[in-house]
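Colleague: Chains as they are written, first to last, in my numbering: chain G, 1 to 315; chain C, 316 to 630; chain E, 631 to 945; chain A, 946 to 1047; chain V, 1048 to 1149; chain Z, 1150 to 1251.
None of these hints come from the bench; they were simulated from the model.
Each residue gets a CB set at the ideal place from its N, CA and C atoms; glycine is no exception.
Incorrect hints may have been included.
Output of the computed footprint for chain E on chain C, the stretches with three or more beta carbons under 8 Å from beta carbons of chain E [claimed, not checked]: (1) 324 to 330; (2) 333 to 341; (3) 601 to 615.
Below, in silico cross-link-like pairs of lysine-lysine (DSBU-like), each with a Cα-Cα straight-line distance of 30 Å or less [what the hints assert, rightly or not]: (4) Lys88(G) with Lys181(G); (5) Lys1123(V) with Lys1223(Z); (6) Lys986(A) with Lys1225(Z); (7) Lys403(C) with Lys1121(V); (8) Lys478(C) with Lys496(C); (9) Lys533(C) with Lys964(A); (10) Lys774(E) with Lys1248(Z); (11) Lys986(A) with Lys1223(Z); (12) Lys718(E) with Lys774(E); (13) Lys986(A) with Lys459(C); (14) Lys1146(V) with Lys1223(Z).
Restraint ranges, calculated between C-beta atoms of paired labels, are given here [claimed, not checked]: (15) Leu973(A) with Leu476(C): 42 to 48 Å; (16) Ala1011(A) with Lys1248(Z): 21 to 27 Å; (17) Leu991(A) with Leu1195(Z): 27 to 33 Å; (18) Glu1026(A) with Phe537(C): 49 to 55 Å; (19) Phe537(C) with Lys1248(Z): 53 to 59 Å; (20) Gly990(A) with Glu1145(V): 37 to 43 Å; (21) Leu713(E) with Gly990(A): 23 to 29 Å; (22) Ser430(C) with Leu791(E): 29 to 35 Å; (23) Ser430(C) with Arg56(G): 41 to 47 Å.
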Amino acid sequence: MSSLDPVVLFFLLGLVAGLLRSDLRLPAAIYEFLTVILLLAIGLKGGVELAGQDLRQVVPQMAAVVVMGVVLTFIAYPALRLLGRFDKVNAAAIAAHYGSVSVGTFAVAVAYMASRQVVFEPHLPVFVVILEIPAIVVGVVIAKGRKNSAKWASLAHETLLGKSIVLLVGGLLIGWVMGPKAIESVGGLFIEPFKGVLALFLLEMGLLCAAQVSTLRKYGAFLICFGVVMPVVGAAIGTGLGWTLGLSYGGTALLATLAGSASYIAVPAAMRISVPESNPSLSLAASLGVTFPFNVTLGIPLYLEMARRIHGVEV
Amino acid sequence: MSSLDPVVLFFLLGLVAGLLRSDLRLPAAIYEFLTVILLLAIGLKGGVELAGQDLRQVVPQMAAVVVMGVVLTFIAYPALRLLGRFDKVNAAAIAAHYGSVSVGTFAVAVAYMASRQVVFEPHLPVFVVILEIPAIVVGVVIAKGRKNSAKWASLAHETLLGKSIVLLVGGLLIGWVMGPKAIESVGGLFIEPFKGVLALFLLEMGLLCAAQVSTLRKYGAFLICFGVVMPVVGAAIGTGLGWTLGLSYGGTALLATLAGSASYIAVPAAMRISVPESNPSLSLAASLGVTFPFNVTLGIPLYLEMARRIHGVEV
Amino acid sequence: MSSLDPVVLFFLLGLVAGLLRSDLRLPAAIYEFLTVILLLAIGLKGGVELAGQDLRQVVPQMAAVVVMGVVLTFIAYPALRLLGRFDKVNAAAIAAHYGSVSVGTFAVAVAYMASRQVVFEPHLPVFVVILEIPAIVVGVVIAKGRKNSAKWASLAHETLLGKSIVLLVGGLLIGWVMGPKAIESVGGLFIEPFKGVLALFLLEMGLLCAAQVSTLRKYGAFLICFGVVMPVVGAAIGTGLGWTLGLSYGGTALLATLAGSASYIAVPAAMRISVPESNPSLSLAASLGVTFPFNVTLGIPLYLEMARRIHGVEV
Amino acid sequence: MEMVTRKLVTIITEAVIEKVLIGELDNLRVSGYTITDARGKGHRGLRSAGWEHGANIRIEVICDEAMADSIAVKLKEQYYENYAMVLYVSDVRIMRPEKFQP
Amino acid sequence: MEMVTRKLVTIITEAVIEKVLIGELDNLRVSGYTITDARGKGHRGLRSAGWEHGANIRIEVICDEAMADSIAVKLKEQYYENYAMVLYVSDVRIMRPEKFQP
Amino acid sequence: MEMVTRKLVTIITEAVIEKVLIGELDNLRVSGYTITDARGKGHRGLRSAGWEHGANIRIEVICDEAMADSIAVKLKEQYYENYAMVLYVSDVRIMRPEKFQP
Ligand SMILES: Nc1ncnc2c1ncn2[C@@H]1O[C@H](COP(=O)(O)O)[C@@H](O)[C@H]1O
Ligand SMILES: Nc1ncnc2c1ncn2[C@@H]1O[C@H](COP(=O)(O)O)[C@@H](O)[C@H]1O
Ligand SMILES: Nc1ncnc2c1ncn2[C@@H]1O[C@H](COP(=O)(O)O)[C@@H](O)[C@H]1O
Ligand code: NA
Ligand code: NA
Ligand code: NA
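Please model the complete structure; the sequences and the hints are all you need to start from.
Modeller: Right, dumping it as structure tokens:
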């Protein structure tokens, strides 16, 4: 228990309350408020640390990370199609969720590392932004073919200007332009309360997660297995890539977490618009109902351990 | 004036603004947000301090406190029935409000004691949880008889898994499991802003309180008297019990405050479901419109003084 | 860039996101929450500092400030009527916006001065309250004549008990009564997170500002010119008055900012009720779409410079 | 179920005049009304909840034909011209007509 | 467009009994329902959203005449007396009648 | 009050496609629309506001019969199959028919 971060207990509280059918819910406006703070905070912190850095080395890493997003989607797809026996559109839609990332999971990993004094490269938040997109493109192409005309422009617009990317990129830029001054100035809302905000966010995530149980019961064992195995496979790939790219121990673990996480905001919205034939309950059940809880409780410590081993770090 | 805590002035501001018919209102989502923070904060703080404690001595105290909740309801009922000339259902419903507790009042008392460096036992928040329930049961039994079949299960579920109990108990458990680490971690949202959050919460309570005036005017003098006298009687009983149970000076004052406070969240909801014939305006006018303002301004200092006298503490 | 306060970048982020048609929006409840915190914080801080002061000298200043509000409206009106060729009601309504003030702009100016260690008289927030009203009265009289019977009472009520005045005055009174204790007590919500709250508020203001572009495009160049020139003229008058009244360098700059700012909350609401024939899009486009962004980026530094020169202060 | 026919008047208009309109309805002595928050688009352009000035409300009043007429006349005379406003009337069946008497 | 006529039952009542009423509707086997948050005024006075105890909800159910009757009867018997509640029924045209079969 | 009859088309569907549907309505040149947030249950299960992916919206359009048909046809062809969606049409009486002309 002592290895758990307190914020994870808030997730469990929400989960248990939800499973017991408590009437606890955070208002939608508050959930959004918390999300906005988390996204800006992650962006700002990354941006401030990025300020002094030489960005030239980051560009090739970004390309590699895009490729990873594509590869992850192409690994998930046949697994879902052949082992899970899902039809093309549903397999493609679920695969896109796993090729993309979850900022909530990233925030928990960041908090987890901070409490263990594990440092990481400041440009990791950039990878969050970059990883949101390729999986969506691949998912839509698999489901619809490339000629899915006209819609590409609006899909690009929706995705690139979605809330999470705008806030992350905006925070990065503000932090980068302003440097440490930015954090001194607005830290009273974005930095000091960060973990409390994360805790409340996770409480609501627990409640949302509990709401997935009935779908999971219906679609059974495969979705649960997939929701646990796929993140571990993804994280293994992320660990390998992080190590190859020369990331630090912490950076490797974070990249593994990103690879192992599954989207539950940007991708569902994009699929609803671009692949409406897919069943949104399936992918949300897997990503919100299985992978998210797995990652925030067991996954993140595991990925850190994997990174530790590959880097041969002593603790 | 100097003896008033600043947060009480926020209550008065809300009250005056409401009476003057200002259009000031906090959005419902914000009111809920503030409540969630207060409940989790109270739970967490209690839980952390509870961590090192021997809980065996607490169990008999808990039993005594349950009995107090029942007794308070049975004191309020005949007063309402005979002196107030309310019919059975309304007397029972109002009595249930006074046998139960108000977490808002408890929060103000905690802040009041903190600013006076009065300490209290860390398990007082446990009593808040425990006191929510017996009065509801007694109220429903008086109004409906015991055979009010089938509904008991759903009433129990509603009440035990209501928002306030889940958050208080959840906070207690998280604090208990994690110890001081919990507060370090999430204190930036739950501890440092606590009194500010309480102030804003009280502002809204003042506005809600002002909205009760028209009902009070209609039902007149008795409800106002009852709303002032009953808390003092309850607090006297609470003081006596606290002293008997060997609570500290501060713990006694808090138990008195709990006894003297009247529910305005859990009980109204329970009565609306289980004793729908009762008029919700009556009980809200008394508890929100009279007892709450009385307690946060005059009551709490009075109860602390009562506790001081019975304990023979010098200040 | 280095002279910009980080909070202004949040405004630009919102503006750019809005212009690019991002789906980013803060929920209405959160916008109100942020506003409530800003208003109470400004009031509290002013009140606390006011505590030790001799208020007799302030009264004549208040009278002068009222006159300034009237004068500003009477300057804006003919400009709009003759140069802008607006009809009577629209010219009167827009003029009223510019004779009144924007608390958001004031908050940015306060933050800007704090980060430059420029001090100002604690009673400046009183001027915010006072300046909200005269312009509304003048605007309605111009548009409707003085006999606009019966409605005056309800207009006075709406305006004097509007959210912003109640919170500012309430904060001032609480700060004044409680002194520094007030800020210690509730500072964790109102003081430390102030600039973060302001940043988030400005993010939403940027989004709202972007939404004015289509109106601006329709009504063209005059509104844009007016929205830039009028604040500078107003600020010049404010600078002169501040200097004449013997305000400090910082106080003068703040009075100039108030004079140069245009209302986008209290006055639009009042005009909608009292001069409904006026087109609300016009005045909002000017005040939200031109003057607000001008003031928070270029205006405030300019007004501080003007105050510096008139006071002959070295920096 | 025995039911009688009444009119349902629905008004969609600017949130900023909620208080004023409620005053008018009270003056006309309607027996009640229901309000929901809304957003929308019409001749006066987009009205996008979220911010007070842009938001709409949707008011429903159940009443008899005469009252429906009074409401329509009142709003037409005093509000149609200057406010974003739509009003429509439909038939509904209710159970307790006495409840909807002024 | 080929359409058939069905009933639209609209219920306006206290938010606090949402769960209970949904239970009743589920028991009656309605094919679906839609809920919006509302505020309002009626015989039981002002009900002003914003705070749970004062808020209203507005429930809509599309169904056939028999179901509309069942709903009306059920609510009349068990809820009319003790709760702020208004119910009205109107005719609507829908496209896929099978969708609204229990 | 002189009034004319028009159609009121009500659509209940997933909040996530609000922008898309508004685009369709604009393309069809409706004169306006009104949107409220909602939650509900239907064949595609519970849709519980509060979280974007689960929320519903309720769109109302006042228009003539031809437009009502066009809307129904459009949505049936392109959206019925893949989205949680209900559409119904009723008669309403309005005062200024010119206002509801495309
Ligand atoms: N044809 C329409 N159908 C449904 N709602 C409408 C229609 N036209 C206008 N509205 C609503 O009524 C409000 C005011 O309309 P208007 O006065 O035309 O700007 C709009 O913001 C919409 O919410
Ligand atoms: N005549 C009416 N027209 C529209 N809504 C009404 C009417 N009467 C009552 N209501 C709504 O129904 C709720 C309960 O009404 P009541 O039971 O009369 O208090 C009120 O709060 C209103 O929202
Ligand atoms: N019979 C019904 N009456 C009222 N609303 C319904 C009904 N059926 C479905 N709905 C609403 O329409 C939405 C989509 O329905 P569906 O496509 O059946 O899942 C639901 O979430 C409900 O809000
Ligand atoms: Na992933
Ligand atoms: Na009590
Ligand atoms: Na001004």
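Colleague: Taking 49 to 55 Å as the hint, is the beta-carbon distance of glutamate 1026(A) and phenylalanine 537(C) inside that range?
Modeller: At 52 Å between Cβs, range holds.
Colleague: Apply the coverage criterion to the segment 333 to 341 of chain C and chain E: a residue qualifies when its Cβ sits closer than 8 Å to a Cβ of the chain, and three qualifying residues are needed.
Modeller: holds (count 6)
Colleague: Between lysine 403(C) and lysine 1121(V), is the straight-line Cα distance small enough, at 30 Å or below?
Modeller: Holds, at roughly 26 Å.
Colleague: Given the range 41 to 47 Å, decide if the beta-carbon distance of serine 430(C) to arginine 56(G) lies inside it.
Modeller: violated (56 Å)
Colleague: Could one say that the CB atoms of leucine 973(A) and leucine 476(C) fall in the range 42 to 48 Å?
Modeller: holds (45 Å)
Colleague: Taking the CB of serine 430(C) and the CB of leucine 791(E), does the distance hold inside 29 to 35 Å?
Modeller: holds (31 Å)
Colleague: For lysine 986(A) and lysine 1223(Z), compute the direct alpha-carbon distance and say whether it is at most 30 Å.
Modeller: The hint holds at about 20 Å.
Colleague: Please verify whether lysine 1146(V) and lysine 1223(Z) have alpha carbons no more than 30 Å apart.
Modeller: holds (18 Å)
Colleague: So if I understand the rule, the pair passes when the alpha-carbon distance is 30 Å or less; does lysine 478(C) with lysine 496(C) pass?
Modeller: holds (25 Å)
Colleague: Taking a Cβ-Cβ distance under 8 Å as contact, does the segment 324 to 330 of chain C have three or more residues in contact with chain E?
Modeller: Since three or more residues must qualify, the claim that chain E covers the segment 324 to 330 of chain C holds, with 3 doing so at under 8 Å.
Colleague: Regarding the pair lysine 88(G) and lysine 181(G), is the alpha-carbon distance no greater than 30 Å?
Modeller: violated (50 Å)
Colleague: Has the given pair, lysine 718(E) with lysine 774(E), been kept, meaning a C-alpha gap of at most 30 Å?
Modeller: holds (9 Å)
Hint compliance for this structure: hints 3, 4, 5, 13 and 23 are broken, all remaining hints hold.
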